[in-house]
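Let the hints inform the model, and build the full structure from the sequences given.
Residue strings, one per chain:
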Amino acid sequence: MRWFVFLALASVAGLGAAARTAAAADKVRVVATTTDLKALTEAVGGDLVEVDALARGNQNPHDLEVRPSLMVKVRRADLLVMNGLELDQWAEVVIQGANNPKVVPGAPGRVDASQGILVLEVPTTRVDRSMGDIHPVGNPHYTLDPGMAPAVTANILEGLARVAPASRPTFEANRKAFLGRLEEALTRWTATMAPVKGARVVVDHNLWIYFLTRFGLLQANSIEERPGIPPTPGHLTKLIAIMKEEHIKVILSAPWSDQKLAERVAQDTGAKVVPMASGVGALKGADTYVDMVDYNVKAVAQALRQ
Amino acid sequence: MRVWIGLCVLGTTLLGAVPAQAQEAEALRKELEDMRKQFEAMKDGYEKAINKLSERIQAIESRPQPSPNVAVPSPAPAAPAPPAQPAVSQAAPGGAPSLLDLAKPREPFSLYQQRGSGQLLFDMGVTGDFVGNLTQNNVQKATGGTFAGLENLFFPREIELSLFGQIDPYARAEVRFEAGEENRGDITVSLAEANLSLMTLPFGTQAKLGLMRNRFGLTNPIHEHDLPFIDRPNVLVRFFGEDGLVESGAEFTWVPPLPFFLELLAGVFNGNNEVAFGSDSLKYPLVTGRARTFFDFEEWGALQLGASVASGYTADRLRNTIVGTDAKYKYKPDGWQHALLTLAGEALYEIRNVNVTGPDANGDGVPDDPASPHTLHRFGAWAYGELQPFRFGPLSLWSLGFRYDWTEYPQNPGHEWAVSPYLSFMPSEFLRFRLGYKHTARSNRDGINLNGGSARDVDELLLQATFILGAHPAHPF
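In order, the protein sequences belong to chains C and A.
Here the first sequence is numbered in our numbering, starting from 1 and rising by one per residue.
Here the second sequence is numbered in our numbering, starting from 307 and rising by one per residue.
Note that these hints are calculated values from the structure, not bench results.
Yeah, the Cβ is synthetic: ideal placement off N, Cα and C, and Gly gets one too.
Heads up, a few of these hints could be off.
Restricting the straight-line Cα-Cα distance to at most 25 Å, the calculated cross-link-like pairs of lysine to any residue (SDA-like) are [stated by the list, open to error]: (1) C:Lys73 - A:Gly510; (2) C:Lys102 - A:Asp474; (3) C:Lys260 - A:Lys638; (4) C:Lys27 - A:Thr511; (5) C:Lys27 - A:Thr506; (6) C:Lys102 - A:Gln472; (7) C:Lys73 - C:Glu158; (8) A:Lys634 - A:Leu568; (9) C:Lys102 - A:Ala513; (10) C:Lys73 - A:Pro562; (11) C:Lys73 - A:Phe566; (12) A:Lys638 - C:Asp52; (13) A:Lys636 - A:Leu737; (14) C:Lys238 - C:His205; (15) A:Lys636 - A:Leu701.
To give an idea of the chain A side of the interface with chain C (calculated C-beta under 8 Å), a few residues [as the list claims (entries may be wrong)]: (16) Leu507; (17) Gln512; (18) Thr559; (19) Pro563; (20) Gln610; (21) Gln643; (22) Pro700; (23) Phe736; (24) Pro779; (25) Ala780; (26) Pro782.
A partial selection of chain A residues facing chain C, derived with a Cβ cut-off under 7 Å [as the list claims (entries may be wrong)]: (27) Gln472; (28) Met505; (29) Thr506; (30) Val561; (31) Phe567; (32) Phe600; (33) Ala608; (34) Gly641; (35) Phe698; (36) Phe783.
What follows is the structure, given as structure tokens:
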């Protein structure tokens, strides 16, 4: 009898799993390199897509460890959405090990989400690594600016429509609805940030330029003297002096950065460290794209008003 | 009379034709005038459009408008935005602060520039790997150090120029040239790898053809400068020689669509290795195989397991088969940039057929007994651990490692073991220094004691300096 019950339960579970698999098989399987792009792809794709991200929200997306488990995700993907601007170059190694011809360079199942955005901080002089681990084609952290969403989602829409052309009208409707919600939120965020416009902040990594520019804030300096290289004591001394002199009271900090160092600088200057959501899911309360921007706007505005 | 009639008919015809031609000319004139007007209108339209766009570009470049609701069209031809979209502006955000202020702390960067141009069609990079070693005089005399023949020397071990990129939508290629001091004072340049990978084969398969470092075990595919320790593990050097297993041929991989990672590999090569395989002919090929799987424990780390086989013929056309198994575990706490703890190891087992010849008692150069086949069974293994315990700050640039080696000699009797602790310092991702000590103990010397020296017990102080210039692809797990 026990065996019979066990077998019956196993059959039910098996059927359920098979039904789920069949349902998932109808969807466009998308892999995004970051959680921001995952969220924006879900916004465009809606119920017609199944999206997975390679990096977690609280991970530093510059230098992800290329685990074979990432290759498993890419192996089954119909579409790969990449950030571009050399942020997620590690994904090329994932693609090489995934043996999936749909997403190799030049294949239709590949989206560079940065196509068509106005890139900030493009080097205008000769650059080399004495400047640290810089991005030679410009700052790649554009998804932190909600104003970039129209261009980014347009790229995603084109990619989705390439692999599922029949669903283009649905994708377009989803995108329009999402951008409508975002527009409302942007009006609210702009109003929230209006009183602190022009304020100067310090960042730990050069991650926030798009976000700050969007809302009219100034990046006065960075704890990192050069990207990817720990700051020297001399730089920290200079930074503390500048912060005191210019009365800079806010340090924006990503979850994967050195919080203790930021706290030390804050202690010496009387500033406040503001933990920021560097991606969707990076912090509690930043679980969707709108929530992430909402979280960051509120955190910065509140800290600057104090 | 006929002439007269003909002239009359011609005159009448000409008189009739004059008004028709005049009408046609008038019509053409009118058409031309219309076209001129249309052209003028178009010209005006384009001029206005150009002026408008120029003004907008100037406005963007000089001072972005503060209003976030100014829609700026996407400049990407590849990403046409649907016309009826909410007016969330894509760029030109900002407000009161001037661009000079924004750009001030970040020279040599500027805002709102177009992307860099003139990018190469492929990537290239240079890596430099320099090694120094200090050891006993008798070890140098016997050339029994880790870097045989280069004892008590600081030398360029591997200067590598690598070129890699997409050939076309279907394939990518990589070419690596190496230069290094292989014998004292003798720097040689060689083609280290040159291969192409077909990326778009069906059913989850890929093919790699050319000259390559074989994907056998954990460390054989890794170039010298990327090794997690200063020198190659002893068993790899003993079984495959100083350069490892580098062959010309083809490798095929298959990644089945499973919920977990499994990679199966098969290869066919010429068989041209200084120690293990010497047939150098596809008639007596070297065939290889590898299976690799992976378990991701998320915040508890990740484990990779692999098994490899290489079976071919020695220079004497006798079968030689080497099987190996390997494991690697990395513990990288959530949010860390580097692994806190890495543990890895590899074991190799060789089944080698050899011809054993008897003594030559009468000294005529011919063995007294004919050669008889014999099978040698040889084993070797290594294991290592590395700890990089600090997440941030200057101490995070340091790591401490330890490796243990034990291996038999592939053709001669005896074995050796070694311990090698080492310290690494990485000021950046592209620069690394290592200082290590290695003690090797041998049951007997592999072969003879050269030059009357002895290298049974070897103590070495090792130094390594490595740099990466330019492009360097991310390393797999």
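Do the hints match the structure? See the list:
Distance check on the hinted pair: Lys73 of chain C and Gly510 of chain A sit about 13 Å apart at the alpha-carbon level, within 25 Å; holds. Under the criterion of a C-alpha separation no larger than 25 Å, the hint pairing Lys102 of chain C with Asp474 of chain A is consistent with the structure, at around 15 Å. This hinted pair checks out: Lys260 of chain C and Lys638 of chain A have alpha carbons roughly 19 Å apart, not beyond 25 Å. The straight-line distance between the Cα atoms of Lys27 of chain C and Thr511 of chain A is roughly 24 Å, inside the 25 Å bound, and the hint therefore holds.
For the hint linking Lys27 of chain C to Thr506 of chain A, the alpha-carbon distance of about 23 Å falls within 25 Å, and the restraint holds. Between the alpha carbons of Lys102 of chain C and Gln472 of chain A the distance comes to roughly 15 Å, so the proposed pair stays at or under 25 Å and holds. For the given pair, Lys73 of chain C sits about 22 Å from Glu158 of chain C by alpha-carbon distance, which is consistent with the 25 Å threshold. The hinted pair formed by Lys634 of chain A and Leu568 of chain A meets the criterion: a straight-line CA distance of about 15 Å does not exceed 25 Å.
The suggested pairing of Lys102 of chain C with Ala513 of chain A holds, with an alpha-carbon distance near 16 Å, which does not exceed 25 Å. A distance of roughly 12 Å separates the Cα atoms of Lys73 of chain C and Pro562 of chain A; the hinted pair therefore holds under the 25 Å criterion. Distance hint between Lys73 of chain C and Phe566 of chain A is fulfilled; the C-alpha atoms sit about 9 Å from each other, no more than 25 Å. Pair hint Lys638 of chain A plus Asp52 of chain C holds up; C-alpha atoms about 21 Å apart against a cutoff of 25 Å.
About 22 Å separates the Cα atoms of Lys636 of chain A and Leu737 of chain A, which keeps this hinted pair within 25 Å; it holds. For the proposed pair Lys238 of chain C and His205 of chain C, the alpha carbon gap of about 17 Å is at most 25 Å, so the pair holds. A distance of roughly 20 Å separates the Cα atoms of Lys636 of chain A and Leu701 of chain A; the hinted pair therefore holds under the 25 Å criterion. Evaluation of the Leu507 of chain A hint against chain C yields a held restraint, the C-beta minimum of about 7 Å falling below 8 Å.
About 5 Å separates the beta-carbon of Gln512 of chain A from the nearest beta-carbon of chain C, less than 8 Å, and the hint is met. Because the closest C-beta pair between Thr559 of chain A and chain C is about 6 Å apart, less than 8 Å, the hint holds. Among the interface hints, the one on Pro563 of chain A holds; its C-beta lies about 6 Å from the nearest C-beta in chain C, closer than the 8 Å criterion. With 8 Å as the threshold, the beta carbon of Gln610 of chain A comes within range of chain C, its nearest partner Cβ sitting at about 7 Å, so the hint holds.
For Gln643 of chain A, the interface hint holds, the least distance from its beta-carbon to any beta-carbon of chain C being 6 Å, beneath 8 Å. The restraint placing Pro700 of chain A at the interface with chain C holds, with a minimum CB-CB distance near 7 Å, inside the 8 Å limit. Proximity of Phe736 of chain A to chain C holds as hinted, the smallest CB-CB distance being about 6 Å (cut-off 8 Å). Given hint, Pro779 of chain A at the interface with chain C, holds; its Cβ is 6 Å from that chain's nearest Cβ, closer than 8 Å.
Taking 8 Å as the C-beta contact cut-off toward chain C, the hint placing Ala780 of chain A at the interface holds, the least distance being around 4 Å. A cut of 8 Å between beta carbons decides the hint on Pro782 of chain A: the least distance to chain C is about 5 Å, and the hint holds. Taken as an interface hint, Gln472 of chain A checks out: its beta carbon lies about 5 Å from the nearest beta carbon of chain C, inside 7 Å. Here the hint on Met505 of chain A is kept, as its CB sits about 4 Å from the closest CB of chain C, short of 7 Å.
Here the hint on Thr506 of chain A is kept, as its CB sits about 4 Å from the closest CB of chain C, short of 7 Å. Residue-level restraint check for Val561 of chain A holds (minimum Cβ-Cβ distance to chain C is 4 Å; threshold 7 Å). With a least beta-carbon distance of about 4 Å to chain C, the hint placing Phe567 of chain A at the interface is held under the 7 Å criterion. The interface hint given for Phe600 of chain A holds, since its Cβ lies 4 Å from the closest Cβ of chain C, which is under the 7 Å cut-off.
For Ala608 of chain A, the interface hint holds, the least distance from its beta-carbon to any beta-carbon of chain C being 6 Å, beneath 7 Å. The closest approach between the C-beta of Gly641 of chain A and any C-beta of chain C is roughly 5 Å, which is under the 7 Å cut-off, so the hint is satisfied. Evaluation of the Phe698 of chain A hint against chain C yields a held restraint, the C-beta minimum of about 4 Å falling below 7 Å. For Phe783 of chain A, the suggested interface contact is upheld, since its CB lies about 5 Å from the closest CB of chain C, less than 7 Å.
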